[in-house]
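Asks: Read off the chains here:
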Amino acid sequence: MKESKKTIIVTGNHAAAHALRQAKVGVISAYPITPQSPVVEKISDFINEGKMKARFLMVESEHSAAAACCAASATGSRVGTATSSHGLMLMYEMLPWASGTRLPIIINLATRSCGAPWSVWDDHSDFIAARDVGWIQFMCEDNQEIYDTNLQAFKIAEDPRVYVPAIVAYDGYILSHTMMPIEVEMQEDIDAFLPPLTHHLNLSDITQIKGVGPVTTPDIVKRTEGTAPGYYEFRYSLQKALENSIAIIKEVHDEFVDKFGRSYGNGLFKTILTEDTDTIIFAMGSVSSQARNAIKKLRDIGIKIGLVSLRLFRPFPVNQLRDYFKDKKNIIVFDRDIGYGYEGVLCYELKAALYGLKNAPFIKGYIVGLGGRDIKDEHFIEGVQKALKQSEQGEIVHETEFLGLKLEELEL
Amino acid sequence: MNLVKVMDVQEEEYIYPGTRMCAGCAMALIYRFALKALGPKTILTVPASCLTVLHGMQGFCTTKVSVLHTPFATTGASASGIVASLEEKGLNNEICVVAFAGDGGTVDIGIQALSGAAERGTDFIYACYDNEAYMNTGVQRSGATPQGAHTTTTPGGKMKPKKNMLKIMEAHGIAYVATANGSYPIDIYEKFKKARTMIGTKYIHILSPCPPGWGYDPKETIKIGRLAVETGFWPLYEIINGKFNLSRESKKYLDPSKRKPIIDYLGAQKRFKGISDEDIEDYKTYINNLWDEIKKRIDH
Ligand SMILES: Cc1ncc(C[n+]2csc(CCOP(=O)(O)OP(=O)(O)O)c2C)c(N)n1
Ligand code: SF4
Ligand SMILES: [Mg+2]
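Chains as they are written, first to last, in the numbering used here: chain A, 1 to 412; chain B, 1001 to 1300.
Possibly wrong hints are sitting among the right ones.
Derived coverage of chain B by chain A (criterion: at least 3 residues anywhere in the stretch with Cβ under 8 Å from a Cβ of chain A; other residues may be distant) [as the list claims (entries may be wrong)]: (1) 1107-1119; (2) 1220-1227.
SDA-like mimics (lysine to any residue), calculated; alpha carbons at most 20 Å apart, straight line [stated by the list, open to error]: (3) Lys-222(A) to Leu-1054(B); (4) Lys-222(A) to Met-1057(B); (5) Lys-210(A) to Gly-1039(B); (6) Lys-24(A) to His-200(A); (7) Lys-1089(B) to Ile-47(A); (8) Lys-222(A) to Val-1053(B); (9) Lys-1041(B) to Glu-1119(B); (10) Lys-210(A) to Lys-1243(B); (11) Lys-53(A) to Asn-1092(B); (12) Lys-1295(B) to Gly-1267(B); (13) Lys-222(A) to Phe-1060(B); (14) Lys-1064(B) to Lys-351(A); (15) Lys-210(A) to Val-1053(B); (16) Lys-1064(B) to Tyr-324(A); (17) Lys-1041(B) to Asp-205(A); (18) Lys-1162(B) to Ala-1228(B); (19) Lys-1219(B) to Ala-1023(B); (20) Lys-270(A) to Lys-329(A); (21) Lys-210(A) to Lys-1219(B); (22) Lys-1089(B) to Met-52(A); (23) Lys-210(A) to Ala-1228(B); (24) Lys-297(A) to Lys-358(A); (25) Lys-1167(B) to Lys-1243(B); (26) Lys-210(A) to Lys-1036(B); (27) Lys-364(A) to Gln-385(A); (28) Lys-1036(B) to Thr-207(A); (29) Lys-1219(B) to Cys-1061(B); (30) Lys-358(A) to Tyr-324(A); (31) Lys-351(A) to Leu-388(A); (32) Lys-210(A) to Lys-1284(B); (33) Lys-1160(B) to Ala-1228(B); (34) Lys-1284(B) to Pro-1161(B); (35) Lys-51(A) to Lys-1089(B); (36) Lys-1089(B) to Ile-209(A).
Just so you know, the hints here were simulated from the structure itself, not pulled from any lab data. Ideal placement from N, C-alpha and C gives every residue a C-beta, glycine not left out.
From just these sequences and the hints, can you work out the full model?
Replies: Put into structure tokens, the structure is as follows:
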């Protein structure tokens, strides 16, 4: 049946499922967890209704789901899955395995806090925990972006200049369970944008005998049959692939804009009301969505402020951010996550990225919304006002501040 | 009965010479005969173990079929992923997926992934070579370490008997369950050949004597493996879709008087040094019960 371009009203989870269907994923291996489960349920429906040909492996844990995804990818299939929080934690061992083997797998992550105590509600702790395992990491702001980013992510991850897996994240409940209209493209247009996978690994081709993922040594190995890289060279090439992927991420984003007319800033970050000001809020995902509203209120009370919403968290777009922020004066970062024992992760990532800039901007970070605590306009207003005062007084405070805490209402 | 003879075994070797296995390693022999039986249309997946070492270094594949290395706990899942991908490509009837793991990777850390794969009826062969401890990391106990055996983490001898993995796998209701032993390579060859033709999950558990781990001279490997069978401790059998077949090398031990005393087996290995009389009695009871059950299953 020929599908035409249409607008449908779906949750973020279903937007992801539609993208996986249209990306013609060959193998999906997954395990249910709140708030991601509707992705795999929807995919089960698609397969049941014959709308999707993928092999669907409903395994007995996320650790196995990730392992099966790796194996299916190494056997030459296009592979995607979805998870949240504890699911991603359980997959953790397989994350550097996938990137080290350069398997272009896509994980949809409906973000959720990590226990204990139990919380099914949203924050970015799971997303942040996957920071140092060599994956590309996107954070989306709405359901259309979830759909669009999935399609882009496959093309980026499968690019022979990249071959790196990617996480496409979106806020649990806030997006995963909220209905929004999205445009769903015609299958033939998607096929033209995203051709079938050409993989550097394909174990199903038994004429090419390979040992995939064996032991490496600290040094390179020289033998009469050839020279094999050491672990160090492998990991260097992963780092280079990630660095170089920024250009490809922009390239794919530009092509997507050309073909489908929807853009996400420069593909790396989005700027909102930033033209006339040197004071900026820096955030991602649901925090950005809320900040879009808050900057208008801040402007109403006379604080000229804009928003930079980060889309690409890994590789961190250091040069592009340095270039963008070099003339800015104040940056206030709102993190829905925390590097425990230090501060919000976006905040210290940005500080590090801007290190050594001449007239580097003042940067102040806040923690907001852990475990699904509401993030309100007044939190942004409070945080920005306080930060601007400190900036004026040239005061640099390293204490990590939580906005929206209700300690005073507790009888401690 | 279609008996395989030595002359029927494929001449082609699937493991290149010069692997890093210890002298007298039964696993290397087991692998050699298993791969001969499986042939070239095979994809292997292997977790962390001595077998990882056999497969050698990056850039040089030691076997003539491809191998996907996979983290310790994931063997059953890794095989499931390969099978799913082959199914997607319509190649699953042509190419056989074979997981090969140690006892630790099977009865301990990998049991969940294996159980899941078996429950799903995944069409693959899972082979466990059982050297009864974590050898690759320096002879620590596993769930498959037998009672009384010394390992580096059971310096006083293991208190509990070996986990009965064969019962666990049989309880999954899978297509094929078999035992084997490194000292009977023709039997191994036959069982892998048979499993290769069957659809569904096939589980083969192979006792794999290990000179440094068990404490005996490398030249004694075949003898030690045989003693496990001759004492009745390790009967060779297969269960095909629930039907029990005692393998020919074990048939005569149905008669208790044909069995060698268990002490012949235990006494030949340093890991059982100083084993208590109670432990030895437990072994005798275990063997008698095991064979009573076998006899019942054959009579039915
Ligand atoms: C998650 C994890 N934990 C621990 C290890 C360390 N480790 C590697 S091999 C091994 C033991 C393997 O034992 P077994 O499966 O019996 O195989 P053998 O070495 O005896 O052949 C262990 C504990 C690991 N690789 N991964
Ligand atoms: S330790 Fe044992 S199992 Fe491992 S290679 Fe040596 S003999 Fe074989
Ligand atoms: Mg072992």
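Asks: Does each hint fit the structure? Answer for all of them.
Replies: Status of the hints after comparison with the structure:
1. 1107-1119: holds (count 5)
2. 1220-1227: Three-residue rule not met by the region 1220-1227 of chain B, so violated; n is 0.
3. Lys-222(A) to Leu-1054(B): holds, 18 Å
4. Lys-222(A) to Met-1057(B): holds, 11 Å
5. Lys-210(A) to Gly-1039(B): holds, 16 Å
6. Lys-24(A) to His-200(A): holds, 19 Å
7. Lys-1089(B) to Ile-47(A): Distance of about 16 Å is within 20 Å: holds.
8. Lys-222(A) to Val-1053(B): Satisfied, since the Cα-Cα distance of roughly 18 Å is no more than 20 Å.
9. Lys-1041(B) to Glu-1119(B): violated, 25 Å
10. Lys-210(A) to Lys-1243(B): violated, 38 Å
11. Lys-53(A) to Asn-1092(B): holds, 16 Å
12. Lys-1295(B) to Gly-1267(B): violated, 27 Å
13. Lys-222(A) to Phe-1060(B): Satisfied, since the Cα-Cα distance of roughly 11 Å is no more than 20 Å.
14. Lys-1064(B) to Lys-351(A): violated, 52 Å
15. Lys-210(A) to Val-1053(B): Given pair Lys-210(A), Val-1053(B) holds - Cα atoms ~16 Å apart, limit 20 Å.
16. Lys-1064(B) to Tyr-324(A): violated, 54 Å
17. Lys-1041(B) to Asp-205(A): holds, 10 Å
18. Lys-1162(B) to Ala-1228(B): Roughly 14 Å separates the two Cα atoms, so the pair holds.
19. Lys-1219(B) to Ala-1023(B): Status holds; Cα separation ~8 Å.
20. Lys-270(A) to Lys-329(A): Status holds; Cα separation ~18 Å.
21. Lys-210(A) to Lys-1219(B): At roughly 33 Å apart (the allowed maximum being 20 Å), Lys-1219(B) and Lys-210(A) break the hint.
22. Lys-1089(B) to Met-52(A): holds, 15 Å
23. Lys-210(A) to Ala-1228(B): Violated: Lys-210(A) and Ala-1228(B) sit about 36 Å apart, past 20 Å.
24. Lys-297(A) to Lys-358(A): Status violated; Cα separation ~31 Å.
25. Lys-1167(B) to Lys-1243(B): holds, 14 Å
26. Lys-210(A) to Lys-1036(B): Cα-Cα ~18 Å, so holds.
27. Lys-364(A) to Gln-385(A): holds, 11 Å
28. Lys-1036(B) to Thr-207(A): holds, 17 Å
29. Lys-1219(B) to Cys-1061(B): violated, 28 Å
30. Lys-358(A) to Tyr-324(A): holds, 13 Å
31. Lys-351(A) to Leu-388(A): The hint holds at about 17 Å.
32. Lys-210(A) to Lys-1284(B): At roughly 47 Å apart (the allowed maximum being 20 Å), Lys-1284(B) and Lys-210(A) break the hint.
33. Lys-1160(B) to Ala-1228(B): Distance of about 19 Å is within 20 Å: holds.
34. Lys-1284(B) to Pro-1161(B): At roughly 12 Å apart (the allowed maximum being 20 Å), Pro-1161(B) and Lys-1284(B) satisfy the hint.
35. Lys-51(A) to Lys-1089(B): Roughly 18 Å between the alpha carbons, so the hint for Lys-51(A) and Lys-1089(B) holds.
36. Lys-1089(B) to Ile-209(A): With a Cα-Cα distance of about 18 Å, the restraint between Lys-1089(B) and Ile-209(A) holds, given a limit of 20 Å.
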